[in-house]
Amino acid sequence: MIARRTLIKRAAMAALAATASGLSVRPGGAEPVPNSSGSEPAKLKAPAGACDCHHHIYDAARFPPAQPGGRFQQNARVEEFRLLQRRIGTSRNVVVTPAAYLTDNSVTLDAIARLGPNARGVAVVHPTITDAELKILAAGGIRGIRFSLGDPSTAATIIDMVEPLSKRVSALGWHVQINMDAEKIVATEDLWNRLPSPIVFDHMGHVPQPAGLNHPVFNLVRRLVDKGRTWVKLSVTYDNTKDGPPFYADVTKVAQAYIKAAPERMVWGSNWPHPNETDKPDDAVLFDLMAQWAPDEPTRNRILVQNPEALYGFAKSA
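In numbering that gives the first Met the number 0, the protein residues as written are 0 to 317.
FYI, nobody ran anything at the bench for these hints, they're computed from the structure.
Simulated DEER-style distance windows between Cβ atoms:
1. S152 x Q291: 31 to 39 Å
2. D130 x D295: 41 to 49 Å
3. A314 x D238: 31 to 39 Å
In this text, all values refer to a predicted model and were calculated from it rather than measured experimentally. Quick reminder that beta carbons are idealized off the backbone N, C-alpha and C, glycines included.
Generate coordinates for the entire structure from the input sequences, incorporating the hints supplied.
Dropping the structure here:
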């Protein structure tokens with residue numbers, strides 16, 4: 000039997016080695032998180048101020064959803080999200096109003112208030128919203144509006160709302176966030192070139208596989224990024240990967256290409272609690288992909304810390 004003193008010494012040496020290699024070591028070890036498979040912490044050490052720029056909060060008891068269909072998520076409150084933060088090491092976050100709440104942003108505003116100055120939000124609104132209501136959202140930490148233009152039967156917005164609302168929120172310094180499939184993004188190229196506000200494309204523009212970098216949506220998003228007003232959320236969605244976990248090799252090629260071209264316009268998001276997935280992914284594995292997507296630490300820090308500061312107005316890190 001190994002002596003207790005030897006075990007302690009070996010554990011200390013392992014912790015020191017992990018710290019030196021950039022891996023995170025957290026007291027308490029494994030910790031499961033609802034709506035996330037696995038339980039081990041992320042291996043990649045998150046830098047101070049690292050931001051999860053895309054997740055949702057659901058809280059049926061306090062904020063009953065307007066559209067409580069199949070995509071409503073249980074155990075996805077602020078309390079559960081804090082467990083996710085502990086597991087992957089992020090300390091800033093952006094709450095995105097989920098489809099189940101339509102244009103009711105109360106759950107998002109509440110989450111921002113509870114999570115404090117390290118939280119921001121993206122709302123869903125209609126053109127009927129008043130200027131006074133927009134100011135209330137701004138005071139509550141909202142920094143953009145989202146258009147999730149997939150299934151018309153569940154979508155809270157339509158494409159015709161994008162341009163008029165872009166004009167209004169541009170004056171607030173906000174962006175419009177676009178969640179559309181690749182073919183629709185390409186078909187609407189003229190619209191993106193007209194918008195006065197910054198644009199953020201969800202989930203890497205949903206570049207489909209196996210076409211990958213050869214699909215027209217990648218080149219279109221790249222052209223928009225080069226104009227200096229467009230951003231891309233680096234997040235894995237499970238309808239645009241054929242390779243799947245744990246390496247997501249096809250998605251990794253897309254992420255690496257975006258980062259190589261314009262690291263200053265990339266942000267990262269978990270997409271927790273993964274509302275479209277029955278089999279939840281491992282969020283630690285998803286975060287660890289950043290080590291492959293951006294192997295050098297300065298680039299990772301830019302994507303995880305400095306870029307969110309610029310896009311969402313967080314205080315600059317020391």
